[in-house]
Amino acid sequence: MPLYSARVQVSLRPSVLDPAGEATRAAAARLGVEGVTRLRIGKAIELELEAPDRATAQAQAELLSDRLLSNPVIENWTLELQELG
Amino acid sequence: MTIGIVVFPGSNCDRDVRWAMEGCLGRPTRFLWHEERDLSGLEAVVLPGGFSYGDYLRCGAIARFAPVLQEVLSFAERGGPVLGICNGFQVLTELGLLPGALTRNEKLHFLCEPSRLEVQPGHCRWLGGYDACESITLPIAHGEGRYQVEPERLKQLEDQGCVVLRYADNPNGSVGNVAGLTNAGGNVLGLMPHPERACDPVTGGIDGRRLLEAVGS
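Protein chains in written order, with numbering that gives the first Met the number 0: chain A, 0 to 84; chain B, 0 to 216.
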């Protein structure tokens, strides 16, 4: 069965406060980088999955992104899928 | 009648709930391991505080798929009383039994302190022992308790009387000062404060007793 790799990028929705991002932005200034106007912390999840075809792999990776890897109440996600062969 | 207490790997307030229920209130309890599927004979189910599955991914995100929770979901949908305390509240939102999500505290600190709350019991079965607008004090202990929901949904929840507990001083930055929420049926309650830690005068107050006494008394 073909193997696919997926990279899911999960970010906080713009309306959700990111206090950890704000604290990191403040640290950037202390490092001497004054120009950081926005810093948001998300997470990246890398996974590999076997599926009979690309459409199935895409559908399964989307299901994972939507129902497990992110919480749609507070987060958005994007997905990149590649066939590994 | 027996109160079920769900135990996930990483739960750490399960025994506190048992002590409060049995030691302070004389109510029998049964631990429900996360792989358990038999809820027969239980009058209510408590999801205790802690760090279920290490809170990996998000608080409550992995717990939501535990076999026991599929049974708790059906139990709640049949009108069975379900109480989620702290991590249990986070699990209830991930499970979809309560709306919104609990996020990192506004000031990032883990907060462990007494918190003043205003109770609006409304139709919530767990809060029948409290007066409207009553002010109580319960301990909080969390790093991710900032309640988050879209403004329109918050308004809806307020109009429906589902916001049953609010912080007097909003220590974590929750929208609408939300500390606890009930569902439309009033049988599910999720709250960040710990009523089980306020059932014996030796721990500094007994404002949590009436909450834990509410069901089946």
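FYI, nobody ran anything at the bench for these hints, they're computed from the structure.
Among the hints, erroneous ones may be present.
What the hints assert, rightly or not - Far from chain B, by Cβ distances over 12 Å, these chain A residues were calculated: (1) MET0; (2) LEU2; (3) ALA27; (4) VAL32; (5) GLN57; (6) GLU61; (7) LEU68; (8) GLU74; (9) LEU78; (10) GLY84.
Claimed, not checked - Here are some chain B residues pointing at chain A (derived, C-beta under 10 Å): (11) ASP15; (12) GLU93; (13) ILE205.
Predicted model, so just to flag it, every value in this text is computed and none were measured.
We put the beta carbon where it would ideally sit given N, CA and C, even for glycine.
Against the structure, the hints come out as follows:
Distance check on MET0 (chain A): its Cβ is at least 24 Å (rounded) from any Cβ of chain B, clearing the 12 Å threshold; non-interface status holds. Listed as outside the interface, LEU2 (chain A) is consistent with that label: its C-beta sits roughly 23 Å from the nearest C-beta of chain B, beyond the 12 Å cut-off. Interface exclusion of ALA27 (chain A) from chain B stands, the closest Cβ pair being 16 Å apart, more than 12 Å. Look at VAL32 (chain A): its CB is around 21 Å from the nearest CB on chain B, clear of 12 Å, so calling it non-interface holds up.
Its beta-carbon lying about 21 Å from the closest one in chain B, GLN57 (chain A) satisfies the requirement of being farther than 12 Å from that chain. With 12 Å as the threshold on Cβ separation, the claim that GLU61 (chain A) sits away from chain B holds: the shortest Cβ distance comes to roughly 17 Å. Its closest Cβ contact with chain B, about 7 Å, brings LEU68 (chain A) to no more than 12 Å, contrary to its assignment away from the interface. At roughly 8 Å, the least C-beta separation between GLU74 (chain A) and chain B is not larger than 12 Å, which violates its mark as non-interface.
Listed as a non-interface residue, LEU78 (chain A) keeps its Cβ farther than 12 Å from every Cβ of chain B; the least gap is roughly 16 Å. Chain B leaves GLY84 (chain A) outside its interface by the beta-carbon criterion, the shortest separation being 29 Å against a cut-off of 12 Å. Taking 10 Å as the C-beta cut-off, the interface hint given for ASP15 (chain B) is violated, the closest approach to chain A being about 27 Å. Hint status for GLU93 (chain B): holds, given a least beta-carbon distance of 7 Å to chain A, under 10 Å.
The interface hint given for ILE205 (chain B) is violated, since its Cβ lies 34 Å from the closest Cβ of chain A, which is over the 10 Å cut-off.
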